[in-house]
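Q: Here the structure of chain E is known, so what remains is to put chain S with the ligands in place on it, guided by the hints.
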Amino acid sequence: MKQRIGVYICHCGGNISDYVDVEQLGKLMAKENGVLISKNVMFACSDSTQKEIEQDIEENKLDSIVVASCSPKLHTHTFRNVAIRAGLNPYNYTQVNIREQCSWAHSDKPMDATIKAYGLIRAGINRVSYSEVLESLEISAQKVVAIIGAGVAGMRAAVDLARMDNQVYLIEKGNTVGGHVAQAGRLFPTNENGKEVVDRLYQRIRQQSNITLFTNATLEKVSGSIGNFWIEVKLGSEELKLNVGSVLVTTGFDFYDPKEGEFGYRLSDRVITLPDFNKMVENSKGKLIHNGKSVKSVAYIYCVGNRQSKGENRYCSRQCCTAAIHSSLHVHEKFEDMTAYHLFRDIRTYGKQELLYQQSSKNGDIYIRFEEKEPPVVELKNGNPTIKVKDYLTTKRELTLDTDLVVLVTGMVPRTDSNSVSSKLKIPIGIDRFFNEIHPKLKPVETVIKGVYIGGACQGPKNINESVQSALSGAAKINATLKSGNINLEPIIARVNADSCLWCGKCAEVCEYDAISSIANGGKLIAEVNKATCKGCGICAPTCPSNAIELAQFTDNEIESMIDGLMSKAEISPRVESQQNNQKAGVQSLAGYPKIWRTIANALEGNTLTIPQIAEKIDQEASLVTWHLMTMNRYGFVESAGLNDNEDYFMYKLKK
Amino acid sequence: MSHINPNFAKELERYGAKDFNLCFNCGNCTAICSLSTKDNSFPREMIRFSALGLEDDIKSSLKPWMCYYCGECSTDCPRQAHPGELMMSLRRWLTAKYDWTGLSGLLYKHLSAYIIGFLLVIVGLIVFAAKLDWNQEKIMHFGHLFEMFAIAGVFAIILLPNIFRMWLYTIVRPKVKATVKVYYKAFSELLVHMFTQKRFLECEKLQETQIKWFEHFILVIGYLSLLFTTVFLDWFGSENMFIIALGYVESAIIFVVTFLFILKRAKKTEALHKFSQPSDWFFVIWLFLMGITAFLVRLFIDIGILQNNFWLYLVHISVLVQWAIIIVPFGKWTHFLYRSFAMCFARILELNDMKK
Ligand SMILES: Cc1cc2nc3c(=O)[nH]c(=O)nc-3n(C[C@H](O)[C@H](O)[C@H](O)COP(=O)(O)OP(=O)(O)OC[C@H]3O[C@@H](n4cnc5c(N)ncnc54)[C@H](O)[C@@H]3O)c2cc1C
Ligand code: SF4
Ligand code: SF4
Ligand code: SF4
Ligand code: SF4
Ligand code: SF4
Numbered sequence: 001m002k003q004r005i006g007v008y009i010c011h012c013g014g015n016i017s018d019y020v021d022v023e024q025l026g027k028l029m030a031k032e033n034g035v036l037i038s039k040n041v042m043f044a045c046s047d048s049t050q051k052e053i054e055q056d057i058e059e060n061k062l063d064s065i066v067v068a069s070c071s072p073k074l075h076t077h078t079f080r081n082v083a084i085r086a087g088l089n090p091y092n093y094t095q096v097n098i099r100e101q102c103s104w105a106h107s108d109k110p111m112d113a114t115i116k117a118y119g120l121i122r123a124g125i126n127r128v129s130y131s132e133v134l135e136s137l138e139i140s141a142q143k144v145v146a147i148i149g150a151g152v153a154g155m156r157a158a159v160d161l162a163r164m165d166n167q168v169y170l171i172e173k174g175n176t177v178g179g180h181v182a183q184a185g186r187l188f189p190t191n192e193n194g195k196e197v198v199d200r201l202y203q204r205i206r207q208q209s210n211i212t213l214f215t216n217a218t219l220e221k222v223s224g225s226i227g228n229f230w231i232e233v234k235l236g237s238e239e240l241k242l243n244v245g246s247v248l249v250t251t252g253f254d255f256y257d258p259k260e261g262e263f264g265y266r267l268s269d270r271v272i273t274l275p276d277f278n279k280m281v282e283n284s285k286g287k288l289i290h291n292g293k294s295v296k297s298v299a300y301i302y303c304v305g306n307r308q309s310k311g312e313n314r315y316c317s318r319q320c321c322t323a324a325i326h327s328s329l330h331v332h333e334k335f336e337d338m339t340a341y342h343l344f345r346d347i348r349t350y351g352k353q354e355l356l357y358q359q360s361s362k363n364g365d366i367y368i369r370f371e372e373k374e375p376p377v378v379e380l381k382n383g384n385p386t387i388k389v390k391d392y393l394t395t396k397r398e399l400t401l402d403t404d405l406v407v408l409v410t411g412m413v414p415r416t417d418s419n420s421v422s423s424k425l426k427i428p429i430g431i432d433r434f435f436n437e438i439h440p441k442l443k444p445v446e447t448v449i450k451g452v453y454i455g456g457a458c459q460g461p462k463n464i465n466e467s468v469q470s471a472l473s474g475a476a477k478i479n480a481t482l483k484s485g486n487i488n489l490e491p492i493i494a495r496v497n498a499d500s501c502l503w504c505g506k507c508a509e510v511c512e513y514d515a516i517s518s519i520a521n522g523g524k525l526i527a528e529v530n531k532a533t534c535k536g537c538g539i540c541a542p543t544c545p546s547n548a549i550e551l552a553q554f555t556d557n558e559i560e561s562m563i564d565g566l567m568s569k570a571e572i573s574p575r576v577e578s579q580q581n582n583q584k585a586g587v588q589s590l591a592g593y594p595k596i597w598r599t600i601a602n603a604l605e606g607n608t609l610t611i612p613q614i615a616e617k618i619d620q621e622a623s624l625v626t627w628h629l630m631t632m633n634r635y636g637f638v639e640s641a642g643l644n645d646n647e648d649y650f651m652y653k654l655k656k
Numbered sequence: 001m002s003h004i005n006p007n008f009a010k011e012l013e014r015y016g017a018k019d020f021n022l023c024f025n026c027g028n029c030t031a032i033c034s035l036s037t038k039d040n041s042f043p044r045e046m047i048r049f050s051a052l053g054l055e056d057d058i059k060s061s062l063k064p065w066m067c068y069y070c071g072e073c074s075t076d077c078p079r080q081a082h083p084g085e086l087m088m089s090l091r092r093w094l095t096a097k098y099d100w101t102g103l104s105g106l107l108y109k110h111l112s113a114y115i116i117g118f119l120l121v122i123v124g125l126i127v128f129a130a131k132l133d134w135n136q137e138k139i140m141h142f143g144h145l146f147e148m149f150a151i152a153g154v155f156a157i158i159l160l161p162n163i164f165r166m167w168l169y170t171i172v173r174p175k176v177k178a179t180v181k182v183y184y185k186a187f188s189e190l191l192v193h194m195f196t197q198k199r200f201l202e203c204e205k206l207q208e209t210q211i212k213w214f215e216h217f218i219l220v221i222g223y224l225s226l227l228f229t230t231v232f233l234d235w236f237g238s239e240n241m242f243i244i245a246l247g248y249v250e251s252a253i254i255f256v257v258t259f260l261f262i263l264k265r266a267k268k269t270e271a272l273h274k275f276s277q278p279s280d281w282f283f284v285i286w287l288f289l290m291g292i293t294a295f296l297v298r299l300f301i302d303i304g305i306l307q308n309n310f311w312l313y314l315v316h317i318s319v320l321v322q323w324a325i326i327i328v329p330f331g332k333w334t335h336f337l338y339r340s341f342a343m344c345f346a347r348i349l350e351l352n353d354m355k356k
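Chains as they are written, first to last, in this note's numbering: chain E, 1 to 656; chain S, 1 to 356.
Looking at chain E on its own, in the form it has when it is part of the complex (with noise of 0.2 Å):
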């Protein structure tokens, strides 16, 4: 039981403090066992409470802390970092979020948000006080690599991996590499030919040794972790077996394939999708031709199959605006006396891309704007399209216009295997249905499954150069986490105690991970975790009918003493008004608020200043001075005086 436990109490500027009375939990839990010192701190992520944490724990020598702030998910490491700064192992520290589960919940009842954050609090040191001193696990791993999928993103990632000395294999299923580009003609931006891009990347795939290709190969079996996975290839009738250090997949997107009769498809052959008039526009010489009649105009209906406000795709393909576009650019400039139309919803040629719309519509590509709820209608007469369409560019007006050809600007969609994939490799899949990343910003090409990453269009809808850019810098963590030939993983990991274990096995079979297996122990089978596999999910330790495996920093102490902690009974008085306290007492009560607010509030002294002038003035960074002074004036310290002369900052001043 930890002794020396510090414990600090977070406002979140207002975030928690506006409901939570986190002054008086400061003092309640000073009280509480084993506690030595119980703070509340303006921002416990400051750098100034980071180093005011890292002091206590020095001079006061803590055994522990617990910080009760916002959601583990921003801060675990922040403040884990803080322990280990201070010489505290980082499992000594535990976070308690007050802020998403508890203030934010619960903002329209400040009282009861207290008590919650009393029993949570309460929880978390009991937690704290049974902590273990934990090391990190270190693995050996395979610099080896699979990639599925030998798409443009697969290729790319390929010969990146193999020049930094990463043996490759690139599985693919198909009996040919280069997924769609290799079929998709002319290429926007650069006018290059797809099969020409293809081909060059083939010949640097070749040309490095460390790369074996398979294909026609389907992925049958995924067993393993991070550093070691086993991958199980089917070459024909052959089977391969390989051990692999990390997984990238890159297996990209299907084609939306309309629905028979969707604005005329397969009713006539008048109507076809974009990726088939790439390959006719490819193939025709001098004139257009379609299945013998010259085609002179060309009517694109755009987000086919697309941002379906009811549909399955909700999703907004990206590059087919482009696509199309650059389409008719090409038609334009293939064929003499070519009309276009472009129905469309939205123009979304981002970037660069917004320079080849320019140039369609000074080509005099027509552009004719309908919405979802009125999409436009194609009539066939004896196979020849009109289509009517509410323009509303022009007032909604109901338009006509005779086409001789009707494209489908048909977007993207998810692999129709790709749930197959999914469960083998234990990757999650979106409610797009393309395959999901931890985080869409920050972590935008790692899975859950450590040591598998996604790269491409298989994430979701991308062009070539977001596809090679996704699979490049997988490619780049992958090569990182390889490289010295060793892992460190978390060590919350399942553990068995030898002596209570009797190898019933029970754990085992639900462990989702194959981490469990038995090996021989004084004269017994018992259960033995496989650390580089086990992911830590906790799924096994209650159905061991002896009790006998435990999950680290979840220990059967752990979390009765946490259930005590949030039954305890609170005695919470109510809270006297602190805002209107402050605002009577003035700069003085400042003292218990960092102290760049004493010094901001000394510059404002019978002043009135704008955010520059104040920092110059306390020789502080803007930022910071601006950060403070918002929740200064939050708080009814400080208050606005309007624009300064040359209106172009708020000067503030103190409010009396």
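Keep in mind the hints are simulated off the structure, nothing from the lab. Keep in mind that the hints are not guaranteed to be accurate.
For lysine to any residue, the following SDA-like pairs were computed, each having C-alpha atoms within a straight-line distance of at most 25 Å [claimed, not checked]:
id	chain 1	residue 1	chain 2	residue 2
1	S	Lys109	E	Met338
2	E	Lys287	E	Met338
3	E	Lys362	S	Gly53
4	E	Lys221	E	Cys45
5	E	Lys388	S	Gly53
6	S	Lys18	S	Ile285
Bear in mind that the values here come from a model prediction, so they are computed numbers and not experimental data.
A: Positioned in the frame of chain E, the structure of chain S with the ligands alone reads:
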């Protein structure tokens, strides 16, 4: 239901429209235009009609005449679609549509038609002069007669029927039912517009516009009064000192102001001068030539050297004939007339709406 006509854009290009298909319908132009109103908004709508080739909508619209080509919209268009120039081209196209002879369209689309027309006038004049045995007095007499009849004839045979057609397209066919009272009220405002073009002053760039408006105003007054002085007061034949001086002042105003116009057009500093069409050039140059030759003819008379330099009169009269039977009925001059009537018709629509 309207049918899209993709070929209309090409047709419009022959009337000087340029790149208007670059428009991506942001509406900036309409927002910036100080003459566009909530109920009568332009130029974006006109660009849209043009891109889709909705000819009937354009033909029945008075909006192109509401635009005075200040050029603000073209300056601010983020796509350089030159909306102001499109409005100008639509005015040319409408002029051609109103003209029952079809000659306007021919002249706008083919520079060669203009040149042939001008040459024919010169040849005709020479033949005519030769027939009169180069008798100066007779020629000048016929010259004077021509001025009178040309004005009446052009107006009766060409302009009046064209205005009738304009009325047909914009009021009758769209089934606007207006009372005689409404017509009376609208027509009474017509004359004011015709001579002052005062709507121009509603444009936003006030100082610049005031100057421009003033130049136009002087030119119109100068032109009309010179017409009056030569035709009804017989400037070239007059002995009256006042009339002679008046003619000098009027013709001087015309050639000085048009000279300034020519310079501006050539420098292309303003948006509205970026894409001058031959018809624009002919208009200012011929006006300039008329002013200066008229001035010189009278000067030669006054210092007694016209007899020995009769070629000058011949030059003057050929410029005058070209102006009167080519530029006035079929060229840019008609814009002045149609614009005034468009104001009047728009007023009819407005009064009619108010009644409802
Ligand atoms: C009509 C259209 C036109 C386009 N034009 C352009 C353009 O001009 N320029 C541009 O930049 N982008 C364009 N794109 C986008 C471009 O096609 C994609 O960005 C690119 O194909 C994505 O590459 P990828 O490698 O991720 O996927 P893919 O090209 O789909 O390749 C995936 C590969 O993985 C293989 N595979 C799939 N599942 C498995 C499995 N289970 N096991 C083994 N292998 C598997 C497939 O056989 C395939 O070879 C266009 C897209 C469309 C729809
Ligand atoms: S990229 Fe364009 S065509 Fe494709 S789904 Fe998005 S908006 Fe529609
Ligand atoms: S369930 Fe318990 S007793 Fe059974 S094998 Fe697993 S750890 Fe051992
Ligand atoms: S904690 Fe989860 S992954 Fe680890 S052994 Fe237990 S059941 Fe398997
Ligand atoms: S400002 Fe230009 S792009 Fe925008 S609507 Fe007007 S003409 Fe079109
Ligand atoms: S040129 Fe001037 S008056 Fe004409 S549409 Fe543009 S902004 Fe309006």
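Q: A separate judgement is required for each hint: does it hold in the structure or not?
A: Hints and how they fare:
For the suggested pair S/Lys109 and E/Met338, the alpha carbons sit about 23 Å apart, so the restraint of at most 25 Å is met. Under the criterion of a C-alpha separation no larger than 25 Å, the hint pairing E/Lys287 with E/Met338 is consistent with the structure, at around 10 Å. A threshold of 25 Å between alpha carbons decides the hint, and for E/Lys362 with S/Gly53 the separation of about 16 Å falls inside it, so the pair holds. Between E/Lys221 and E/Cys45 the CA atoms are separated by roughly 44 Å; this puts the pair beyond 25 Å, and the hint is violated.
With a C-alpha separation of about 16 Å, the suggested pairing of E/Lys388 with S/Gly53 holds against the 25 Å cut-off. As the CA atoms of S/Lys18 and S/Ile285 are separated by approximately 24 Å, the hinted pair is consistent with the 25 Å bound.
Checked against the numbered hints given earlier, this structure breaks only hint 4.
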